[in-house]
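Listed below, chain by chain, are the residues.
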Amino acid sequence: DAGVTQSPTHLIKTRGQQVTLRCSPKSGHDTVSWYQQALGQGPQFIFQYYEEEERQRGNFPDRFSGHQFPNYSSELNVNALLLGDSALYLCASSFTRGLDTQYFGPGTRLTVL
Amino acid sequence: AQSVTQLGSHVSVSEGALVLLRCNYSSSVPPYLFWYVQYPNQGLQLLLKYTSAATLVKGINGFEAEFKKSETSFHLTKPSAHMSDAAEYFCAVSLISNFGNEKLTFGTGTRLTIIP
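Taken in order, these protein sequences are the chains called A and B.
Residue numbers for the first sequence follow this note's numbering, beginning at 7 and rising by one.
Residue numbers for the second sequence follow this note's numbering, beginning at 9 and rising by one.
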């Protein structure tokens with residue numbers, strides 16, 4: 007049973023560019039959450055998707071947007087990249103109708119130059 | 009709003025010694041509490057979780073944590089440290105609503121170093 011997968015593993019962009027990160031949830035999971043982990047910090051919640059809609063959102067600007075597809079996979083898009091967007095981006099999946107845990111993928115390391 | 013505070017950004021223990029990582033939480037309603045471990049260049053792995061059942065929770069790799077409401081604490085312990093325990097540990101809190109799993113709010117982490 008495959009766990010949560012993310013692609014790509016590493017990414018280098020320049021300021022002002024746009025980036026798309028991808029996540030495939032664990033089998034049987036229908037909810038995807040995204041977190042940003044800056045160096046030396048704990049993960050910060052960006053948003054959560056369920057039934058192809060954004061259900062919760064953390065304190066992140068509109069430059070951060072997402073999408074969930076019918077197969078429950080998800081994308082995170084960041085526009086107009088800033089140096090401060092450099093971080094590890096973690097995807098977590100869970101099953102909504104239960105007291106289930108959020109299971110994390112290995113993350114995508116984004117470096118903005 | 010809920011939050012967690014992890015006391016001690018760095019903890020060093022000798023191999024075979026007791027591991028104690030501290031976490032205090034703040035929540036307006038009964039919380040769900042988690043400990044995750046992160047090895048270098050990897051994602052987060054769940055160690056254990058408290059979901060309002062038994063207050064002493066046992067997890068993987070010999071770790072356990074005790075929920076103490078009066079102290080608003082959820083400290084992580086392991087009787088005997090192993091070299092493979094060296095990693096970053098995160099305490100997290102969440103709420104479970106009609107939506108199911110709410111967002112996780114993490115502490116700033118504790119880096120555990122094991123001294124041979």
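Hints were generated in silico from the structure; no laboratory data involved.
Backbone N, C-alpha and C define an ideal beta-carbon position, used for all residues, glycine too.
Hints are not guaranteed to be accurate.
Claimed, not checked - Chain A side only, calculated, beta carbon under 8 angstroms to chain B, not exhaustive: (1) Gly34; (2) Ser39; (3) Gln47; (4) Phe51; (5) Gln54; (6) Gln62; (7) Gly64; (8) Phe75; (9) Pro76; (10) Ala93; (11) Leu96; (12) Thr107; (13) Gln108; (14) Pro112; (15) Gly113.
Stated by the list, open to error - Chain B stretches covered by chain A per the calculated footprint, using a threshold of three residues with CB under 8 angstroms from any CB of chain A: (16) 53-59; (17) 112-123.
Claimed, not checked - Just a sample of chain B residues kept apart from chain A, beta carbon distances all over 12 angstroms, derived: (18) Val19; (19) Val27; (20) Lys77.
Now the hints, each set against the structure:
Using the Cβ-Cβ criterion of 8 angstroms, the hint placing Gly34 (chain A) at the interface with chain B is not satisfied: the shortest such distance is roughly 14 angstroms. Using the Cβ-Cβ criterion of 8 angstroms, the hint placing Ser39 (chain A) at the interface with chain B is satisfied: the shortest such distance is roughly 7 angstroms. Given hint, Gln47 (chain A) at the interface with chain B, holds; its Cβ is 6 angstroms from that chain's nearest Cβ, closer than 8 angstroms. The interface hint given for Phe51 (chain A) holds, since its Cβ lies 4 angstroms from the closest Cβ of chain B, which is under the 8 angstroms cut-off.
The interface hint given for Gln54 (chain A) holds, since its Cβ lies 6 angstroms from the closest Cβ of chain B, which is under the 8 angstroms cut-off. At about 6 angstroms, the closest approach between the beta carbon of Gln62 (chain A) and any beta carbon in chain B falls short of 8 angstroms, and the interface hint on this residue holds. Taking 8 angstroms as the C-beta cut-off, the interface hint given for Gly64 (chain A) holds, the closest approach to chain B being about 7 angstroms. The restraint placing Phe75 (chain A) at the interface with chain B is violated, with a minimum CB-CB distance near 19 angstroms, outside the 8 angstroms limit.
Taking 8 angstroms as the C-beta contact cut-off toward chain B, the hint placing Pro76 (chain A) at the interface is violated, the least distance being around 19 angstroms. Proximity of Ala93 (chain A) to chain B is violated relative to the hint, the smallest CB-CB distance being about 13 angstroms (cut-off 8 angstroms). A least Cβ separation of about 6 angstroms between Leu96 (chain A) and chain B falls short of the 8 angstroms threshold, and the interface hint therefore holds. For the restraint placing Thr107 (chain A) at the interface with chain B, the shortest Cβ-Cβ distance is roughly 5 angstroms, inside the 8 angstroms limit, so the hint holds.
Hint status for Gln108 (chain A): holds, given a least beta-carbon distance of 6 angstroms to chain B, under 8 angstroms. Residue-level restraint check for Pro112 (chain A) holds (minimum Cβ-Cβ distance to chain B is 4 angstroms; threshold 8 angstroms). For the restraint placing Gly113 (chain A) at the interface with chain B, the shortest Cβ-Cβ distance is roughly 5 angstroms, inside the 8 angstroms limit, so the hint holds. Remark: the stretch 53-59 of chain B is confirmed as covered by chain A, as 4 of its residues place a Cβ nearer than 8 angstroms to a Cβ of that chain, reaching the required three.
Residues of the stretch 112-123 of chain B lying with their CB closer than 8 angstroms to a CB of chain A number 6, which satisfies the three-residue condition for coverage. The non-interface label for Val19 (chain B) is consistent with chain A: the shortest C-beta to C-beta separation is roughly 15 angstroms, beyond 12 angstroms. Val27 (chain B), annotated as away from the interface, keeps every beta carbon of chain A farther than 12 angstroms; the closest lies near 19 angstroms. No Cβ of chain A comes within 12 angstroms of the Cβ of Lys77 (chain B); the nearest lies about 19 angstroms off, and the non-interface call holds.
Violated hints, listed in ascending order, are 1, 8, 9 and 10; each of the other numbered hints is respected by the structure.
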